[in-house]
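Visitor: Sequence:
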Amino acid sequence: MDLRHRQARFVAALWPYLLALVTTGVVALPRFALHLGHTSSLLPFIGSVVVSAWFGGIEAGLIATALGTVAGLPWLSKRQAFDPSAPAHADVLMVGLFIVSGILISAALASLRLGRARLLDGSRRLAAEVDERRRAEADARRQRDWFGVTLDSIGDGVIITDTNGRVATMNAVAEALTGYRLSDAQDRPLRNILRLRASPPPVGDNVAPFHAASAGGIGRAWHEAPVPADKPAQDAPPELRYDHAASEAAPFAPDERDEAGWPTLGSGVRWRAGRQTIRTLLSRDGIERPVELSIAAIHDDDGNAGRDPAEDGGSSIVVFRDITDRYRAEAKVRASEERLADFFENVDVGLNLVDARGTILRANQSMLELLSCQRENYVGQPLSRFWQQPERFEGALARLLAGDSVRNVEGTLLGRDGKTHDVLLDANGHWDGSRFQYARCVIRDISDRKRAELEAGRLMESLRAADRNKDEFIAVLAHELRNPLAPISACIDILSRHPDEASAQRARDIMSRQINQMVRLVDDLLQISRITHNRLELRRERVSLQRVIDSAVEASRTLIDTRAHSLRVDTGDTPLIVDADPARLAQVFSNLLNNAAKFTLPGGRIELTARAEGSEACVTVQDNGVGIPADMLDQVFDTFTRIEPSEDVVPGGLGLGLSLVRKLTRLHGGHVSVASEGLGHGATFRVWLPLLATDPLPSQAPQAAASAARPLRILVVDDNLDAAEALDAMLALDGHETQRAPDGETALTLIETFRPELVFLDIGLPGISGYECATRIRAMPWGARTTLVALTGYGQDKDVRQAREAGFDDHLVKPASAAAIQRMVSVVASFPTPVPAAVPHPD
1 MDLRHRQARF VAALWPYLLA LVTTGVVALP RFALHLGHTS SLLPFIGSVV VSAWFGGIEA
61 GLIATALGTV AGLPWLSKRQ AFDPSAPAHA DVLMVGLFIV SGILISAALA SLRLGRARLL
121 DGSRRLAAEV DERRRAEADA RRQRDWFGVT LDSIGDGVII TDTNGRVATM NAVAEALTGY
181 RLSDAQDRPL RNILRLRASP PPVGDNVAPF HAASAGGIGR AWHEAPVPAD KPAQDAPPEL
241 RYDHAASEAA PFAPDERDEA GWPTLGSGVR WRAGRQTIRT LLSRDGIERP VELSIAAIHD
301 DDGNAGRDPA EDGGSSIVVF RDITDRYRAE AKVRASEERL ADFFENVDVG LNLVDARGTI
361 LRANQSMLEL LSCQRENYVG QPLSRFWQQP ERFEGALARL LAGDSVRNVE GTLLGRDGKT
421 HDVLLDANGH WDGSRFQYAR CVIRDISDRK RAELEAGRLM ESLRAADRNK DEFIAVLAHE
481 LRNPLAPISA CIDILSRHPD EASAQRARDI MSRQINQMVR LVDDLLQISR ITHNRLELRR
541 ERVSLQRVID SAVEASRTLI DTRAHSLRVD TGDTPLIVDA DPARLAQVFS NLLNNAAKFT
601 LPGGRIELTA RAEGSEACVT VQDNGVGIPA DMLDQVFDTF TRIEPSEDVV PGGLGLGLSL
661 VRKLTRLHGG HVSVASEGLG HGATFRVWLP LLATDPLPSQ APQAAASAAR PLRILVVDDN
721 LDAAEALDAM LALDGHETQR APDGETALTL IETFRPELVF LDIGLPGISG YECATRIRAM
781 PWGARTTLVA LTGYGQDKDV RQAREAGFDD HLVKPASAAA IQRMVSVVAS FPTPVPAAVP
841 HPD
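Each residue of the sequence shown is one higher than the one before, starting from 1 at the first, in full-length UniProt numbering.
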């Protein structure tokens, strides 16, 4: 390229010389060849000067002039030789004229040539400018068309203002949102068309500069659209090019500007966007809608903002969109997020988010309350720090990192208050592709469940023990019930053989003792049931504790004497007055005496003492019997608890006696204890009862006569025929007039004719019950003077109350003793006015 350039420059430099040489040669050669003479020897060379000057410029013309002068000199010298008369100065003049003429011709033609070249160049430039203008106009038309199509295709509303801040153009979306057509809005102030007011929540607003691609207006931009929509503003043509670097320039809010402050827009812009803001747009028809707004002003090519649009106005472009649907969607999302946040914070299980290292990222309030932690003392800590078995959580985290989920991992957490909590951990991981993000850990406090499980285990063990006791109790009960039956059966056989009176009396004594034993067993069972179901009523009265102890000793005397024990009773001289049910309290002490008698080897020693200790009376029963193992001391008062007897110890017992002692003592407001140094060292039981003031006790009423003063008319009503016959026979032996009835209907029929003074009436009769019979008897004219005694197996307190309400005078529980029957008969026999006998009907 350099060689060619140098060659071109060399040729250009030689061109004037070559042109002058060729033209001069063209003139000189014919002249020499044709011998044209010596006249006008320089004149032909004028042509070569003209040609050289025209085509080669002034330099070529001057060279041709010089060459022509040199070529013409030989002819001038020859002319002097042929014509000596010619003056010499004429030739000099001729040469001079030729040189001057060549110079003038060269200069004139060079000037003419330069003017022509300039004229041609000017014509070419004019034609080029015309073509360029035509192309620019065509490009401008295409740009306008393109810009218009782009504005109409953008999904946002777009308004462009002129340099006076008035609407220049707007797209169809802007027309729809503002309610103004372009024809109505053109040349009107932007503020009158785009009516805005602040709209919560403000996203933010600022101003960004615009740059003009060619000379145009000056402006500034507010930008409020986060842009992409269906066809967002970023898809505008290249003339609208985003430049965020300048988006921090002099922010101001559109609704804070007056009419002159609205920026305007010139032609050929490059868009520079700022931040978004949210405003409420009031359309022409009064509809309000939230819009995201972006307003951008124009800058010149040098990036100069010029005057502040707030003061003088300027070209601007406004981009805005209706975000009503987005507002609603965002409101739904916010409501959903609020619900999720509320659920997260208020669910009654601990929720934690932890990272891959086990660090707590977030925790809910339930978790903080569980561990008594403040949020700042918990979040950011390793979760394993709160585990008393950190290896369990670390193992669970390792499984999560391996891609597994974690279920039902038990552990113990230690709170900041020092309390421990049994917990159950469930967790799963959140992954971003193959990268672990965080773990969701659900921690449930199962302390109550653990305690319940332990309690259930204890209860289950208690139930198993109770079940074992129940089985043992049933076996023992069967044994205890069978034991009296054997001697009773044998005694019946003795009586059936008509033995002598001594044998018969012995048989009767044995049967009486065995029947009493069976009655005690049944009574103990009934009393345990009544106490357990809170149905036992105490018939309290002021009573001397010494008298109650005497009754208990009397009840236990037979067993004590049979075992050949020595009994020492010391109740002191000071009266001990208590508020108690004498019969129930006597049973407490008789049970303790019977227990001591049974579990002491024959010939043993039993002591019963009673003393006042402060506001309480303390009754102590001590023996030198077999003693109680240390591991049984806490169980001896439990129902059905029995200590296996050893040799020479009375077997049997249902395990109810000591249980009744504790229950009855508590019902009287007292308490009981037991002490023993172990097997072979006896046992000591103590009963404490609250004392009353030692006021004199009311005198006892005289006992009723032991036997009836006169025979009575007695009706026995029982569907158990053997029981009715036995009672009937016993009463007949005492001289009473008796009748029997197997049911209520028969009894009511007999009563009309028999008019009994005393009726022993069973309750569970077929047909009419004993309660209804009593009610109907009381309704008879003479029924109020008949003594009705319920003789039944129902012995609960409610049964006694129901019998009283039905009209019964008294209530005896089967099997009633002969003494109880005789006492009742004696009471009725002592009444002064008997029930009148029925008048016989005449036949």
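Be aware that one or more of the hints could be misleading.
As the list claims (entries may be wrong) - Per label pair, the in silico range of CB-to-CB distance:
1) K419 to G793: 50 to 58 Å
2) R188 to I287: 18 to 26 Å
3) H671 to V347: 29 to 37 Å
Unchecked claim - Straight-line Cα separation of at most 20 Å, SDA-like style, residue types lysine to any residue; simulated pairs:
4) K798 to S826
5) K419 to R464
6) K419 to S462
7) K814 to G793
FYI, nobody ran anything at the bench for these hints, they're computed from the structure.
Backbone N, C-alpha and C fix where the C-beta goes; we use that ideal spot for every residue, glycine too.
Visitor: So, for every hint listed, does it hold in this structure?
Guide: To see whether the hints hold, each was checked on the structure:
no., hint, in the structure
1, K419 to G793: 50 to 58 Å, "56 Å, holds"
2, R188 to I287: 18 to 26 Å, "19 Å, holds"
3, H671 to V347: 29 to 37 Å, "49 Å, violated"
4, K798 to S826, "27 Å, violated"
5, K419 to R464, "33 Å, violated"
6, K419 to S462, "29 Å, violated"
7, K814 to G793, "5 Å, holds"
The structure does not agree with the numbered hints 3, 4, 5 and 6 stated previously, though it agrees with the rest.
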